[in-house]
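> For reference, the chains in residue letters:
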Amino acid sequence: MIEIRSVSRRYPGAEILKDISFKLEKGESLSIIGPSGCGKTTILYMIAGLIPASSGIISLNGREIKEPHSQTAFILQDYGLLPWKTVIENVSLGMKIKKYPREKASAVSERILKDLGIYSHKDKYPATLSGGEKQRVAIARALSTEPEILLMDEPFSSLDTLTREKLQQTIYEIHEKRSLTLITVTHSIEEAVFLGDTILVMNGKPGRVISTVSNSSRRKKDFRNSKEFYSICSTIREMIGNI
Amino acid sequence: MKQKIPFINIFVSLSVIFVLWKIASAAAASAILPSPEDVLIAFIAEAQKSIFWTHFGISAWRVCASIFLSWIIAFPLGTILGYSPFLDRIFSPVVYMAYPVPKMVLLPVVVLLFGLGDLSKIILITLILFFQILVAVRDGVRSVSPKYYDSVRSMGGSVSDIFRHVVIPAALPHSFTAVRISTGTAISVLFFAESFATSSGLGYLIMDAWARADYIMIFVGITGMSLMGLALFIIFSLLEKKLCSWNYTMENEKSHERGLIGKTVTYSKMIKLSHTIFALPFAMSGLVLALKEHTVTLQMVLWIIIAMIGARSAAMGFNRIADADIDAENSEICLLLSFPLLLFLFFYSYTKRFTWLAHIYLGFAIGLAPVAVWIAIAGVPELSVIILSLILMTHIAGFDILYSCQDVDFDKEKNLFSIPARFGVKKAFFISALLHIITVALIIALYFTAGFGVYYFIFTAVIAVLYVIEHKIVNPDDISNINIAFFHINSIISVTVFFAVLTGYLTGK
Chain S
1 MIEIRSVSRR
11 YPGAEILKDI
21 SFKLEKGESL
31 SIIGPSGCGK
41 TTILYMIAGL
51 IPASSGIISL
61 NGREIKEPHS
71 QTAFILQDYG
81 LLPWKTVIEN
91 VSLGMKIKKY
101 PREKASAVSE
111 RILKDLGIYS
121 HKDKYPATLS
131 GGEKQRVAIA
141 RALSTEPEIL
151 LMDEPFSSLD
161 TLTREKLQQT
171 IYEIHEKRSL
181 TLITVTHSIE
191 EAVFLGDTIL
201 VMNGKPGRVI
211 STVSNSSRRK
221 KDFRNSKEFY
231 SICSTIREMI
241 GNI
Chain C
244 MKQKIPFINI
254 FVSLSVIFVL
264 WKIASAAAAS
274 AILPSPEDVL
284 IAFIAEAQKS
294 IFWTHFGISA
304 WRVCASIFLS
314 WIIAFPLGTI
324 LGYSPFLDRI
334 FSPVVYMAYP
344 VPKMVLLPVV
354 VLLFGLGDLS
364 KIILITLILF
374 FQILVAVRDG
384 VRSVSPKYYD
394 SVRSMGGSVS
404 DIFRHVVIPA
414 ALPHSFTAVR
424 ISTGTAISVL
434 FFAESFATSS
444 GLGYLIMDAW
454 ARADYIMIFV
464 GITGMSLMGL
474 ALFIIFSLLE
484 KKLCSWNYTM
494 ENEKSHERGL
504 IGKTVTYSKM
514 IKLSHTIFAL
524 PFAMSGLVLA
534 LKEHTVTLQM
544 VLWIIIAMIG
554 ARSAAMGFNR
564 IADADIDAEN
574 SEICLLLSFP
584 LLLFLFFYSY
594 TKRFTWLAHI
604 YLGFAIGLAP
614 VAVWIAIAGV
624 PELSVIILSL
634 ILMTHIAGFD
644 ILYSCQDVDF
654 DKEKNLFSIP
664 ARFGVKKAFF
674 ISALLHIITV
684 ALIIALYFTA
694 GFGVYYFIFT
704 AVIAVLYVIE
714 HKIVNPDDIS
724 NINIAFFHIN
734 SIISVTVFFA
744 VLTGYLTGK
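Protein chains in written order, with our numbering: chain S, 1 to 243; chain C, 244 to 752.
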């Protein structure tokens, strides 16, 4: 579904990414992990169609991505919620831009807010919410237009452990239920392993993929407490430690 | 509850103004400064006549039309310049060239081009407000975090979506702030425009009353203009709260602590500049001294106030010189008065780098104000006015030493010179007290050189007591009391000196 073929990204005087390639089928989940500055976020921006690749091809269903695509939703780092819009206005924004009828937009927003347990905050401004609540709003906004692909940039990095695991579980369930194609950029090893069918380990400046770890036992029951979970985590920890 | 606080504040401020005005008019005992109740009665009487409201309405129309016109042009332009670095690069130089030009001097040209009617006044005010709003909006949009753009673009948003959902809401509060701040400017310019070749508006009302020596009517007009300014200010504040409500949701939860921190930071930054405010009553005292042998017109009084305020704003402008924030609306006399003062003030920040006498220097720089006033009006300074300057100098140097006790660690670390850093906090307190004893001695000396009436000593005694209180509330072991209360005592002393001189003059020979 998504194919990245020998993609590089350069700015004048700096090379961010070099020769990145991977493929992702519909309904699959990919985690990208690596140290800060290795270009993980840049990959997401390119898939979202916000910035072009300097060379190589990024394609979706065989067509090159040149601009933001209506099937893609992107949750930016620090959520990207507009401070001057209330929770429900933020959630309906994507639908408003895509010209959904007003009644449909408000019905969808209310349903999603209820699903995510933040309906009671619908008329508040983001500044008054906690980190976890903001992240739920961002997820609600991303899902409102029923995308096929969800991109998340360090979605839970500023949350406390309890909230983070709860939201990881929420995303896990949403991914299963809607058969989304999911790409998560993170620097938490546990998060990468919990959410990714495949885990790309990146490093370097310019950034390169140093290893692709397959995580086939991920969808087993109670994976987070299983032996496999810990063994994959320590494999990846070792890889990153050796960098 | 929260809603009511501003009104209580307004009420308190009004009462303070009323009381001070009453004291001043009682002390002056002259028709030029009528008592506030006379003005209030006259105002209420006028307010029942349609002619007053005609003038009021015409002035209000001119100001509101100008504000609306400048906003409707500057806001879209500012958002575009803020959003597009390309266009900004093209137009910025034009804005930077035009912004500091004193637009007020264009009055004759504007009148020639657009006639004597409303249009020329509206255009003049618009010219001035336009740039303030433009720059505020552009800078506001520039500071928008790119993540909001990315966020809207990733949803498939076009440029018009970005403007609608990001740029315009982000720019709105900035434009409101600019409009609110420029209300005062707008009304000042309006007065200026209405004082010239016109027969309507509150400005005309004031100038006409002046020509007829109807002092009460002058103050009725001033009251009318002030009320208009206040009303506009409140309207814009309410509009901002309504249209930019997201900026106020945090208020209940977090503004309390944030407000406190913010206050202390700006407070300590502004303090040196705040010293200049103490010079105004002294400049006025210099004026009173000059009364004895020279004629002083109301115009001179006005210009001196403008000069002092101009010097202050310009000094603050120096701080933000990169922003080119000096709107030079000052006339020539203003510049003549304030410019040398400014040079001295400007030099102050450097003196701290090489001598602990910096406090004395600061006192000297600000202390020049009365002598400057004298020179502007009467020429060669007399002994009395020199003594007055020395009073101001020792007054300021004395408390500047106390203030710098707070910065003693910083100064030591940065190798800056100050009396506390050089001699220690205890000795600094002693030196400060000594300086203020000299201040009081000089105030007593002024009695003899100026030939004041004996009532002068009532105020002298008050000043002496205030100094004692000031030095009692701070002590070398705990300098945390050098706070706003302390600041207030200093301003009360300055004002008391003015009343002392005024009383001394009025009751003297």
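The hints are simulated quantities; they were obtained by calculation from the structure and are not laboratory data. Quick reminder that beta carbons are idealized off the backbone N, C-alpha and C, glycines included. Do not rely on the hints blindly, as some may be mistaken.
[Stated by the list, open to error] Interface residues of chain S toward chain C, partial, derived using beta-carbon atoms under 7 Å:
hint, residue
1, Pro52
2, Gly62
3, Pro68
4, Pro83
5, Trp84
> Taking each numbered hint in turn, which are not upheld by the structure, reported in ascending numerical order?
Violated hints: 1, 2; rest satisfied.
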